[in-house]
Structure formats: C-alpha cells, structure tokens
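Numbering (numbering that gives the first Met the number 0), first residue to last: 0 to 940.
Derived by calculation from the structure, the hints in this document are not laboratory data. You may find that some hints are simply not true.
[Claimed, not checked] Think about it this way: if two alpha-carbon atoms lie no more than 30 Å apart in a straight line, the pair counts; the simulated DSS-like pairs of lysine-lysine are: (1) Lys354 to Lys820; (2) Lys116 to Lys174; (3) Lys552 to Lys625; (4) Lys98 to Lys174; (5) Lys853 to Lys864; (6) Lys864 to Lys810; (7) Lys116 to Lys126; (8) Lys116 to Lys96; (9) Lys903 to Lys864; (10) Lys390 to Lys249; (11) Lys690 to Lys706; (12) Lys593 to Lys747; (13) Lys820 to Lys552; (14) Lys116 to Lys175; (15) Lys810 to Lys404; (16) Lys384 to Lys864; (17) Lys173 to Lys96; (18) Lys173 to Lys148; (19) Lys552 to Lys810; (20) Lys706 to Lys903; (21) Lys820 to Lys690; (22) Lys625 to Lys593; (23) Lys224 to Lys354; (24) Lys224 to Lys191; (25) Lys404 to Lys853; (26) Lys864 to Lys739; (27) Lys628 to Lys593; (28) Lys191 to Lys116; (29) Lys747 to Lys706; (30) Lys174 to Lys126; (31) Lys593 to Lys810; (32) Lys864 to Lys876; (33) Lys810 to Lys690; (34) Lys354 to Lys96; (35) Lys747 to Lys628.
Fair warning: this is a prediction, and the values are worked out from it, not measured in the lab.
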Amino acid sequence: MLKSKAFSRQTRQGKVVKEVREHYLRDDIYCGVPYCYNKKTEDNDKGCDISSARLSDSPSTTILVLDTNVVLNQIDLLENPAMDNVVVLSVVLSEVKNKNIAVYNRLRALCSNSLRKFYVFSNEHHKDTYVTAMAGESPNDRNDRAIRKAAKWYQDHLGDAASVLLITNDRENKKKAIEEGISAETIECYVKSLGQPELLDLIVQPPSEDVIMDDVEDLRPSKRKVIYNEHKPMSEITSGLLRGLLHQGKLRVNRFNPFEAYVGSESIGDEIIIYGRANINRAFDGDIVAVELLPQEQWHEEKSLALADEEDEEEDVHLAPNSADDAPRVMNQGQTAPEETKPSRPTGRVVGIIKRNWHSYCGSLEPMPMPAGDGGRAHALFVSKDRRFPKIRIQTRQLGNLLDKRIIVAVDSWDRLSRFPTGHYVRTIGEIGDRDTETEVVLIENDIDARPFSAQVLACLPPLPWSVSSQDLTNPIRQDLRHLRVCSVDPPGCKDIDDALHCMPLPNGNFEVGVHIADVTNFVHPGTPLDDEASQRGTSVYLVERRIDMLPKPLTEDICSLRSDVERLAFSVIWEMTPDAEIISTRYTKSVIKSCAALSYVEAQARMDDSRLVDPITSDLRNLNKLAKIMRQRRIDRGALTLASAEVKFQIDTETHDPLDIGMYQIREANQMIEEFMLAANVAVAEQILKHFPLCALLRRHPSPTKEMLEPLLRTAEAVGLSLDVTSSKALADSLDRAKGDDPYFNKLIRILATRCMTQAVYFCSGDLSPPEYLHYGLASLLYTHFTSPIRRYADVIVHRLLAASLGIYKLPGVFQDRPKLTSISDNLNYRHRNAQMASRASVELHTLIFFRKRPTDTEARIVKIRSNGFIVFVPKYGIEGPVYLTPKGDKGGEWTVDEKQQKIRKLDGSVSYGVLGTVRIHMEVVEPQPNRPKLQLTLV
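Generate the whole structure from the sequences, applying the supplied hints.
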C-alpha cells in the first residue's frame with residue numbers, strides 16, 4: 000500500500016516548492032510474538048513469521064509498549080535484566096534518536112542483544128498502525144496517538160494470547176489510552192508489581208506537572224531558600240553571545256579544588272576563572288556553559304586562589320547573588336585579597352548551560368545512621384570518587400546493602416533551591432577498596448569498554464592455529480622478505496608486537512632500512528562486526544596490571560604479532576639511506592617477514608653497549624642506532640621539541656597483582672632509536688596518502704600552544720632566572736636546551752612543565768582543514784599520521800587502508816567518500832585516545848595508593864606551583880604530584896604572603912620562604928579525611 004506525503008519547503012534561492020514523498024505501508028510486518036494466533040502458514044502468507052521471534056514464548060508474560068519519555072528517562076531501568084518483553088516502536092526509536100543520541104545508542108544495543116527480549120516494531124510502515132497528522136495537531140501529540148494506536152493493535156492482534164501494557168508517565172497520554180480501551184500504567188506502578196523493591200531505586204521522576212508521581216509530598220510547594228541563580232534561557236544566551244556580553248566554553252574543574260573552575264573562551268582568547276559553588280552555578284565538569292564576566296575589581300589572579308581542604312566542601316554554600324556586584328568572594332584562611340594583587344585574569348560566573356555533560360558517576364554513599372523501619376526509602380548522599388563532582392542526593396530502599404559498596408549513580412536534575420543535584424542509583428560495582436572494584440571504577444569513569452568480544456566479532460577471526468599460506472607467498476601484491484634479518488624491540492613482556500626493523504648494508508655503502516608493521520587490515524575488513532568493534536573502541540588501553548585490547552587476543556598476540564621465528568604478514572616502508580641518514584628513495588609494499596629476534600629495550604641496549612658482541616643482529620642494531628641519532632639531531636635542529644613526562648613504572652606481584660615497587664620509567668637509547676624510525680615511517684606514509692587522497696587522508700596534528708597556555712611556564716622560568724623564547728618550536732627547543740641548573744634534574748623538570756603547557760595532538764581529516772593547519776608543532780613536521788601500531792590503534796588501521804589504496808592494492812572503502820562520517824570517526828578516535836590516557840593515569844594513581852597504604856615514606860619533592868595556602872609539588876622518584884598545605888584547617892598561627900613575580904611564598908615575619916622549583920622534603924602517607932575517599936597526603940617534614 001502506498002501513501003503520499005506532501006509538504007512545502009523553501010530553496011536557497013527563496014522559492015517555495017511542493018515536494019511529495021511516497022510512504023510504503025505493509026500488512027505483513029511481524030509482531031515479534033512467537034505464540035501469535037496470526038502465524039504465517041501455507042494458506043495465510045500475510046501472517047506473522049514466527050521464525051524470527053524475539054519476545055518471550057511464555058503467554059503469561061506481559062508485553063510492554065513504551066512511550067518516548069519513558070525510554071528517554073528510564074534507560075538505566077530498561078538495561079536491568081528484569082525489564083524484558085519490550086516492544087520498541089519505530090516512532091519511539093526515531094524520536095529518541097532526535098532527542099538524545101546517547102540514549103538511542105543504548106536502546107539500539109538492547110534491541111540487538113540476543114540475550115534480551117526487545118523487539119523493534121515498524122509501526123510507521125504497518126497499514127494498521129500508521130497514523131497521519133490531524134489539522135492543528137502537534138508532532139508530539141501525533142506521536143503519542145501513534146503509540147496508543149500501536150498498543151491497541153497489539154492488544155487486538157494478540158487477543159487472549161497475551162497481556163499488553165502501555166507504559167507512560169504522561170498524565171494526558173495515560174488518560175486517553177484508558178478511554179480508548181488500552182491497558183496503561185506508570186513505570187513506577189509496573190515496577191512495584193514485579194515484587195523487586197530494589198528496582199524502584201532505578202526510577203527517574205523528572206520534575207514536570209504533566210508527569211504522574213506516586214509520592215504526593217514531592218508536589219508540595221517548597222519553602223526552601225534560593226541557593227543558585229536561575230539559568231538563562233537559550234534565546235537570551237544566544238543573544239548575549241552574539242553581542243559579546245556572554246562567553247561560551249567547556250567548563251573544567253580543578254582536580255585539587257572543586258570550587259575552582261576554568262572556561263576556555265575563544266571570544267576573549269583566554270581562560271575565564273570561575274570561583275565558588277555559587278558562581279559555578281550547578282555546572283558540571285565537561286558542560287558547555289555560558290559565562291558572564293564579573294566587574295574587573297572582582298577578578299582573581301590565578302595564583303591567589305587557595306588549594307581546597309577536603310573539609311571545605313561542606314562550607315562553600317552561599318545564597319545566589321542577585322547581580323555580579325554581590326557575587327560571593329570565597330576566601331580561605333591566609334588567602335591574599337584580590338585588592339592586594341594585580342587582577343590580570345578574567346573572572347566570571349556561569350549564567351547558563353548550553354550542553355550538559357551528565358553521565359554515570361562512580362563512588363559511595365556517605366555513612367549515615369540506618370532509618371527506622373524496614374523497606375522504606377531512605378535519602379542518602381552519594382559521594383563521587385572524583386572530587387570534581389558534587390555530592391548527589393538519591394533515594395534508596397537498599398541503604399544497608401550499599402554503605403560499604405562502590406556504586407554507580409546517574410544525575411536526574413539540579414533544582415536552584417537544592418544544594419545538591421538529585422539522581423538515582425544505577426548499579427553496584429563491588430566492595431570499596433577491592434582492587435578489581437576500583438579498577439572497574441577507573442574503566443567506567445573513562446568510558447572504557449572492557450566487555451568480552453561478542454560471538455559475532457570472534458566469528459570474523461581466521462581459525463587457529465594460523466600460518467602464512469602458499470597463496471600469501473605467491474600473491475603478486477605481497478613481497479617475500481623472509482630472507483631479511485628482521486628484529487623487534489619492545490617493552491619487556493610485550494606480546495602485541497606490531498613493528499619490526501631491518502638494516503642491511505648495500506654494496507654502494509648505503510643502507511637499506513625497513514620498518515615492518517603488522518598487516519592487521521589483512522584480517523580486519525571494512526564493515527564487518529570486527530571492524531565496527533575496533534572502530535568504536537578506538538585504541539587499546541594500558542592499565543598498570545592489565546591491557547584492554549582493541550582487537551581480540553588471537554589477533555593481537557598471535558596472528559598479527561610479529562613474534563620471533565614465525566612467518567607473519569606485514570606492511571613495509573623501505574628506504575635506501577646514506578650513512579648520514581639522508582633518504583635516497585622510499586618504497587611501500589605488503590610483505591611476508593620472519594623475525595629473527597624479539598628483544599626488549601633493555602636487551603637491545605645491552606647488546607649495543609657490549610663491545611664483545613659482533614653478531615649480525617647486534618651490528619644491525621648499532622647501525623640503526625647511528626642512523627637514528629643523526630635523524631634525531633636533524634629533527635631537533637629543525638625545531639622538534641624534546642619534552643619529558645612523569646611516566647611511572649610498577650613492579651607487580653605475579654600472584655596477587657599488588658605493586659611491589661614503583662619508580663620513574665627509564666628511557667634508553669634503544670627506546671629513542673625505535674621512536675625515530677617509527678616517526679620517519681609515519682611521516683613517509685602521511686606524505687604518500689595525502690598526495691593520493693588530498694581530501695580524505697587521516698592525519699595527526701599538534702596545534703601550536705597559545706601565548707596564554709605558555710604563560711605559567713614563562714612565569715616559572717622568569718622566577719628562577721631563565722629566559723625562554725616561545726616565538727616558535729625551534730626557539731623554545733633551543734631555550735630548553737640552555738635551561739641548565741645546578742642539579743641534574745632541573746632541566747627535566749622544566750621540560751615536564753613545558754609538556755603541560757602543550758595542546759593535545761589530534762586526528763583530523765585532511766579535507767576539513769587547510770595545509771598550514773596540518774603542522775605537528777612538537778615534531779616540527781609539516782605532515783604526520785599514525786601508521787605503526789595498527790594492533791592497538793584504529794587510526795593506523797584506517798591509514799593502512801589509505802596506503803593500500805594509494806598503491807592500487809585495494810579499492811578505497813566507501814566511507815572515505817563520506818566526509819561527515821570521517822570527521823565523526825576522527826572525533827571518536829580523539830575521544831577514545833584521551834580517555835585511554837586518563838584511564839592509564841588513574842590506574843597509576845590507584846596502584847600508587849595501594850603501594851603507599853602500608854608504606855609511609857619520606858622523600859624529596861620539587862615545588863611546581865605556588866598557591867596562597869601552600870604549593871603543589873612533584874616527586875621525581877615516584878612521578879607523583881600533589882598539594883602540600885602550609886595553613887592546615889584550624890591553624891590560627893602562621894600567615895603567609897605570595898610574591899607573584901618571584902613565585903615565592905613566605906611567612907609575614909620573613910622567617911620561612913619557599914620558591915617555585917625549589918626542593919622540599921615531604922612525608923607521603925595514605926589518609927582518609929572523608930570516608931571511602933582515600934588519598935595520598937603530602938606534608939612537609
């Protein structure tokens with residue numbers, strides 16, 4: 000059956016044209032119920048095909064039809080296994096997609112999960128359930144009517160065979176459904192009927208007069224005082240942004256001080272400081288906010304903002320200011336008043352939320368006495384493990400079971416009359432303090448998918464044992480390089496080896512140097528479940544005690560891994576180089592290799608350093624190292640930065656997985672040698688793919704840091720008598736080389752501080768930017784990409800496909816013709832890459848806590864930031880950073896003053912002084928100032 004939909008639209012030229020679209024309706028769309036009376040038979044070919052049943056085969060089960068708002072608000076409840084036999088109408092699916100893509104993706108995952116009984120019914124294409132809009136009817140009312148009609152059709156279609164229930168919290172929709180003879184109920188009433196009280200904790204009750212709420216007390220007018228300013232409506236925000244009265248940016252909360260936040264604003268080219276809960280005005284870390292600048296006399300100098308004590312969280316509560324003039328100015332003891340400093344940093348307050356970044360949060364409930372009676376709801380405060388997030392008020396019927404657990408809570412709303420946001424319990428993770436529980440918290444907080452690979456993904460793998468076939472060896476696209484002396488150099492214990500090298504002297508005195516990369520795309524084909532999974536995961540994640548793979552282990556550790564003494568498929572970049580590391584020629588080829596040795600960095604370094612060794616592999620390593628040193632120096636001369644980071648290495652007990660020792664990761668020449676050739680291969684491949692695909696090459700850029708970003712480094716350098724030139728990467732590199740101090744660690748510390756001023760390197764599609772923007776600032780390279788780690792990075796998989804297409808080996812996949820899709824892939828890769836880094840750091844912090852829990856230690860530290868009531872130190876031996884307080888809570892003595900120019904903090908009587916980059920001796924000990932929130936406390940010895 001064919002229906003036509005006519006509508007008018009305006010063209011770019013301003014003409015109004017009438018368009019007619021055909022809408023096909025069918026009468027053979029299956030209802031999804033296996034015991035349906037209307038089964039397809041030889042005599043009835045229009046009946047339901049029960050071979051593709053998705054709902055329960057038990058007639059006693061109630062079939063649920065959900066309205067859109069129930070799906071949007073109750074997705075946490077729907078993900079609980081107790082909620083099954085759900086019909087998801089196509090009109091609901093479409094509406095959810097338009098309103099909340101995150102909830103839509105979760106709903107699609109439920110509908111495609113073979114273990115859950117969720118069935119998508121195409122009511123918009125069934126002749127008996129399709130409805131046309133009536134005159135004067137809103138799209139929302141039309142969709143509600145379509146949902147009721149589909150529920151009525153199911154009721155009539157199944158007859159006595161099943162009970163059908165429409166679930167809606169909309170008062171009007173429920174009333175109309177009952178009038179039309181449809182069984183309808185609220186989500187709360189239905190859940191109560193299941194006899195599982197703990198499920199009631201998952202229910203969200205959005206505040207709305209049109210929503211049915213079971214607890215009448217929630218509807219009583221509140222007599223509470225207004226705590227926060229009302230958020231401006233979007234129309235007013237848009238107008239304010241256009242007129243320059245407001246500024247937009249992402250809010251970032253200080254990890255050491257939850258009352259201090261920053262909004263990077265492009266409109267004023269600087270970060271705006273937001274200070275105090277009232278000025279942050281219910282915004283969460285990661286929200287896109289609209290900010291209003293305070294009068295300049297109220298601007299703070301960043302360095303005058305004090306570090307927050309754990310206990311301060313209870314005290315930073317203020318009534319909402321009526322105007323910018325009476326906005327609260329929060330002062331910690333000993334803080335220098337704004338009038339005494341030079342107000343150079345813009346300070347403001349949040350006046351509106353443009354885009355919320357609410358997600359699920361991990362933490363625990365604040366200890367409290369058990370309420371009298373059993374089974375009733377108890378109000379409790381949830382404390383996030385991450386201090387950047389405020390406490391969340393929830394109601395629960397299982398308080399006794401949750402007080403010693405790490406749990407997940409989601410935020411529902413934050414009323415301006417409420418000191419804390421309101422949320423609901425989602426699920427329990429495990430016992431507080433258990434290492435596995437705390438590791439899962441790290442993964443959840445950073446949105447890392449650690450689930451086992453699905454059967455569909457694993458079905459894409461070749462059967463084991465796998466070996467190179469005769470077809471691979473005779474394939475004209477692949478060169479047989481098994482005769483070459485190839486070896487790999489990796490961290491100790493590395494099993495996912497995706498790169499190897501060879502270096503062969505040529506008769507003319509030059510060298511043939513090859514970088515051989517695992518040919519992952521030979522096994523990961525576009526559009527397969529394996530490829531889709533890798534695309535979503537984006538990268539492997541390296542925690543202290545385990546690795547979460549982007550690809551299944553049979554690929555990462557066996558089939559693709561370039562292990563020694565086995566034949567493997569590779570994608571090779573081969574150069575002819577002079578002894579001065581000048582590249583004469585470059586070629587690219589798919590290959591078959593057989594590695595002679597899989598060495599660790601320590602083993603490779605020991606070979607190169609041992610003058611008694613003259614075997615071929617050691618000679619190759621020495622030749623590679625000589626070339627790498629020349630290449631490295633050439634890069635540095637070009638302006639590449641040699642930065643430093645505080646990488647920490649743990650020695651882990653193989654049985655208990657507890658940390659036995661901790662220290663800074665040592666970089667050797669062998670590490671730098673491998674890095675140099677990987678960089679060269681990435682640059683060579685970037686040039687090749689951009690030449691052939693100028694609009695769809697996946698590249699990696701490192702934007703130049705702004706002057707404001709470098710300001711903290713310049714201030715610190717000036718305070719210790721250094722002059723840094725930051726006009727270019729070359730100037731900065733030369734300045735860093737000249738930054739020598741009396742102690743050997745001084746230069747590394749300056750480089751660590753420089754690293755922290757840098758922008759994040761990001762993936763991008765070449766067609767989205769102009770060539771000058773392709774620059775990689777840190778490497779001083781006009782072009783760069785990632786090609787050398789396809790086992791653990793999906794970006795490299797994409798680049799392998801581009802390189803193969805540039806060589807005519809394969810046809811370029813269709814996705815490369817879809818620029819918006821490529822941009823979306825790049826955005827996801829950047830998001831996943833950053834989250835993987837954050838998870839790795841959080842894992843280090845967790846194991847640092849475990850290590851020091853029973854090992855209080857005294858050690859040396861270096862001051863890296865001065866604040867008004869203390870300073871932030873870096874501990875070189877352990878790679879740890881944290882605050883040291885000079886004015887503990889309740890300390891009535893000892894007042895301090897900050898010298899901004901000299902970056903010093905000294906007592907008013909001049910008896911004690913501390914300066915930035917100075918050395919102090921500290922005591923490190925794990926304490927728990929707030930229950931279930933252990934932290935490593937650093938105090939002056």
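Here is what the structure says about each hint:
| no. | hint | verdict |
| --- | --- | --- |
| 1 | Lys354 to Lys820 | 22 Å, holds |
| 2 | Lys116 to Lys174 | 28 Å, holds |
| 3 | Lys552 to Lys625 | 35 Å, violated |
| 4 | Lys98 to Lys174 | 25 Å, holds |
| 5 | Lys853 to Lys864 | 28 Å, holds |
| 6 | Lys864 to Lys810 | 54 Å, violated |
| 7 | Lys116 to Lys126 | 25 Å, holds |
| 8 | Lys116 to Lys96 | 20 Å, holds |
| 9 | Lys903 to Lys864 | 10 Å, holds |
| 10 | Lys390 to Lys249 | 21 Å, holds |
| 11 | Lys690 to Lys706 | 33 Å, violated |
| 12 | Lys593 to Lys747 | 39 Å, violated |
| 13 | Lys820 to Lys552 | 28 Å, holds |
| 14 | Lys116 to Lys175 | 28 Å, holds |
| 15 | Lys810 to Lys404 | 53 Å, violated |
| 16 | Lys384 to Lys864 | 24 Å, holds |
| 17 | Lys173 to Lys96 | 23 Å, holds |
| 18 | Lys173 to Lys148 | 13 Å, holds |
| 19 | Lys552 to Lys810 | 28 Å, holds |
| 20 | Lys706 to Lys903 | 23 Å, holds |
| 21 | Lys820 to Lys690 | 21 Å, holds |
| 22 | Lys625 to Lys593 | 24 Å, holds |
| 23 | Lys224 to Lys354 | 26 Å, holds |
| 24 | Lys224 to Lys191 | 34 Å, violated |
| 25 | Lys404 to Lys853 | 22 Å, holds |
| 26 | Lys864 to Lys739 | 20 Å, holds |
| 27 | Lys628 to Lys593 | 27 Å, holds |
| 28 | Lys191 to Lys116 | 20 Å, holds |
| 29 | Lys747 to Lys706 | 22 Å, holds |
| 30 | Lys174 to Lys126 | 25 Å, holds |
| 31 | Lys593 to Lys810 | 28 Å, holds |
| 32 | Lys864 to Lys876 | 18 Å, holds |
| 33 | Lys810 to Lys690 | 16 Å, holds |
| 34 | Lys354 to Lys96 | 17 Å, holds |
| 35 | Lys747 to Lys628 | 20 Å, holds |
Taken one by one, the earlier hints fail for this structure at numbers 3, 6, 11, 12, 15 and 24, listed in ascending order.
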